[in-house]
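Asks: One letter stands for each residue in the lines below.
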Amino acid sequence: MFVKNIQLLKAITFALGVIMITNFYASAAFANSSAKQKLQKRLSDYQGQVIYIDFWASWCKPCRKSFPWMNSLKTRFYDQGLRILAVNLDKDQVLAKEFIKNNPALFDIIFDTQGEIASEFKLEGMPMSFVLDRNGSVVASHVGFNSKKITDYEAEIVEALNQRELAND
Amino acid sequence: MIKIIPAQINCSIILKVLMILCTLLASGCSNLGVKPWERDLLAKPEMALTSSPIEAGLDEHIYFSKEATSGGRSFAGGGCGCN
Amino acid sequence: MVKIDKTEFGFIGYFNAMASPCECLIETENYQTALAITQIAADEAWRIEKKYSRYLKNNVCAQINQSNGAAIAIDQETFKLLDFANTCYEISNGLFDLTSGVLRRVWHFNQNTELPSQKSVEELLPLIGWNLVSFDQKSVCLAPGTEIDFGGIGKEYAVDVAVQKIKEYKPDLSVVVNFGGDLRVTKKPKNKPKWNIGIDSLLISKIEHSVSIGVGAVCTSGDTEKFILSNERRYSHILNPKTGWPAEGCPKTVTIIADQCLQAGVLATLGMLMGAEAEAFLTQQNVQFHCQR
Amino acid sequence: MQLVKQKNKTVAGAIAAAALSLLGNSAKADGEFWDFSRDWKFNSGILYYGEQDRVSALEGVFSATHEKDLDDKFNFKIVIDSLTGASPSGAVVQPGVQTFTRPSGKGQYTVNAEEIPLDDTFRDTRVQVNSQWTSPIWDESIVSYGVHLSKEYDYLSTAVNGNIAWNFNQKNTTFSLGLSLAKDSFDPEGGVPIPFSSMVIDMGQFANPTEFETAFDLTRGTTSEDKETLDILMGITQIINRKTVMQFNYSYSDVSGYLNDPFKVVSRVDQDGIALEHLYESRPDKRVKQSFYWQAKHYLTGSVADISYRYMTDDWEIDSHTIDYKHYLTLDNNQYLEPQIRWYQQSAAEFYQPYLLEQSIIPENISADTRLGEFSALTIGLKYGWRTDSGNDMAIRLSYYEQSMKDSLSSHPGVLNDLQIYPDLKAFFIQYTYDF
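For the protein sequence lines, the chains are B, W, V and E, in the order given.
Heads up: the first sequence begins at 1 in our numbering, then just goes up one per residue.
Heads up: the second sequence begins at 1 in our numbering, then just goes up one per residue.
Heads up: the third sequence begins at 1 in our numbering, then just goes up one per residue.
Heads up: the fourth sequence begins at 1 in our numbering, then just goes up one per residue.
In case anyone wonders, no lab produced these hints; they're calculated from the structure.
Among these hints, one or two may not hold up.
Stated by the list, open to error - Straight-line Cα separation of at most 25 Å, SDA-like style, residue types lysine to any residue; simulated pairs: (1) W/K44 <-> E/R387; (2) W/K35 <-> B/S72; (3) E/K41 <-> W/L42; (4) E/K286 <-> E/Q340; (5) V/K165 <-> B/S72; (6) V/K242 <-> V/V121; (7) E/K243 <-> W/L32; (8) E/K383 <-> E/Q340; (9) B/K91 <-> E/T330; (10) E/K171 <-> B/F130; (11) B/K149 <-> E/V127; (12) B/K122 <-> W/L42; (13) B/K148 <-> V/A62; (14) E/K41 <-> E/P95.
Claimed, not checked - A few chain E residues facing chain W, derived, Cβ under 10 Å: (15) Y49; (16) V61; (17) R123; (18) T244; (19) Y311; (20) M312; (21) Q346; (22) E350.
Beta carbons: idealized from backbone N, C-alpha and C, even for Gly.
All chains, please: the whole structure from these sequences, using the hints.
Replies: Put into structure tokens, the structure is as follows:
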């Protein structure tokens, strides 16, 4: 009886191969560096500030819960030098705009449809966020958004904010 | 009292299957898959492996009471006297 | 969640909070800003409701009311609210009293129920009295059986706090924050002389005519629907904490226009408690008011 | 009662001052900042199942899920179903009219000539409740555990289950291991029949009812029986590419205890095919089932293909293959059509026999329950779903299900040769689901 299972497994791996080939397509990695340019522009705007970068997409469920929290982050820590940048990774920007209509954002949003910035930051999951200190280096990051861990997320930000105050605006 | 792991379980079969699952896991899977931000289509409700649990439960009940096979997608136990 | 609609003056943001429809009339063409402003108002309303509503089980209000005599730790916001209520109690000679909420155990105002018996009201009176409440920066302590109901100032406080936050966010925009009829305007509108509430927003269900206001707050106390009719006498749901009964001959509603919502709200309640002398009392306060008899 | 002016400041002024100090520097408030107003999700469904002039069932499901956070859920489900109508008793078809005793021993029922005997005492209502808790652990895995309780007039089933799913390879691969332990207890009205005892049928041969009762009681052994089920489910879910996900499950199920169906009998026939008596069936008291399940879902522009294959084999020598294909077609404004075709085929249990020949020795186990026979079954279904304007999802599904038995015996004794021994089953079911 067990012999039959082996043939079964061979059949499955064959089917698996067929599906792979039929829809393999070279993802057009045409040079759309506008996403990276937009990022650079923003990072230079926020020169000397602590930056919280959040990678999100309309189809990612935890993002719906992280937006209100990021709004409150902005109103509470804006004047202490926190800037928030949300990088949208939707393939179809219409879905992202629809998401923003239902989940208002007080912070800046840039679009990275090809996922260039995401690969640069070597994203490990969705959503994922990074805390950059005042000289722009990543000091903390977390994958996912769990409302129980909010105090930890905020602690990371406050710590970065309290670091050596760079003489800035 | 429920016998936790009845002695007569044919361990060899389970071990064989576990071994196959692991090889499948280790070898084939590392290059398959998508980047975390490429899960937009997979996140659609209709792409869930069991898109309607209610329907799956109702079907499972019908086929459990009309056929000699059950489970596969989920536990096989029927939980009713209908078979 | 919040919803946004385009209007000729800009946008209206809707959401539900404190068991009533809330909206923000925003004089701006920028959709993003309108959305963000509505979200600020909504977050504030939900936060205050979640913290102080007497309908929820494990919030600050519930902790205080179920303490039966034990001292409860409070945060600075709660202390300041109690302090504000304390001032209102003193300057109104005890007419404005947050502990009068227990009277709703005997008074039911949904469509012509009967009057409570005098005896049942009197039994509650010993539980009422701001003197039964002692508090300081860190804690509050109630006499057993006594309860605090923030309903009297909750909505007005939420409006004022929301307006403050919106002014921080967009100081130059004219926004009307309207929580279930208690509203306040952040700044004079640019494209028209005044906001015409009642036409722009249908939320003022309590009064039959519209109010036009440049800047400031409008609050209404009393209710055209919530009252008891018994042998042709109309009993309002605004109860005097000392007698446990509404004031004799009080108007159906008292609407006050003032600088802040809290001020307008407390004055409107006091106006109702003045009964027949409501108009006399309010003219003395030289605030704009309107009594609906 | 006149309010005295407060030292030339009007009451209004004093209140304004108090309000200012309250609102002054926006008081530091601790507490949360958002409102998850829609935490609870509800799914409901109702199914009508009707077989051609046989059993019909109505089943209602209501499920409530509270999702505090991603993968941190509590689900409560209640299922109520009621069954009416007749199902085959296992007795063989006969040229003449037949009379049978009801399982409870009270009353009889008759079956017309050349008709497959159906026992219509089969009327029951069942209530089932399930609770399932799911929560994330060790930051990349999910644990889930739950309880199951199902109560019928004469049947009680209780079960607990647990499952752990490990995610790795950036959540592209998920390995899951599940365990379920169930205990069912069964006490039929009229007691549990002794296997191979002969059904006592009152054809007037008894002087009085008590004589019939003593004879009937002789065929009854214990008043109740129970069985235990251990299920192990191991699975791999693998994301192949942006449009394809696959799952491969192996399940091992060990059921032991009372596995007979107390209502089922096997007819003993002479060489002319005439039934002499009806013996209560006897199945082994242990069954080990193993199944290999593979499912793949592939996203095409505007539709989703869902194909699954299941191979089951057990130590009752039953092998079965199941192929299930669904095609989800998205129509405009949130509507969809989902045709379905399912092919099922099983071999017979080694102790399955439609009847027992008079002269053959009585085997250790025997059952004439067609569900253990060799048959194939086809299901064709079509589901139409839409979203109501208040944003809730509804769907209606119509399905037709047909089983056709395979006659594994080359010929039948005497009269049975020109009678239709194997009952065919044709059924349709309508399912309505509503999520809000």
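Asks: Which of the listed hints are not met by the structure?
Replies: When the structure is compared with the hints, numbers 2, 4, 11, 14, 17, 22 turn out to be violated.
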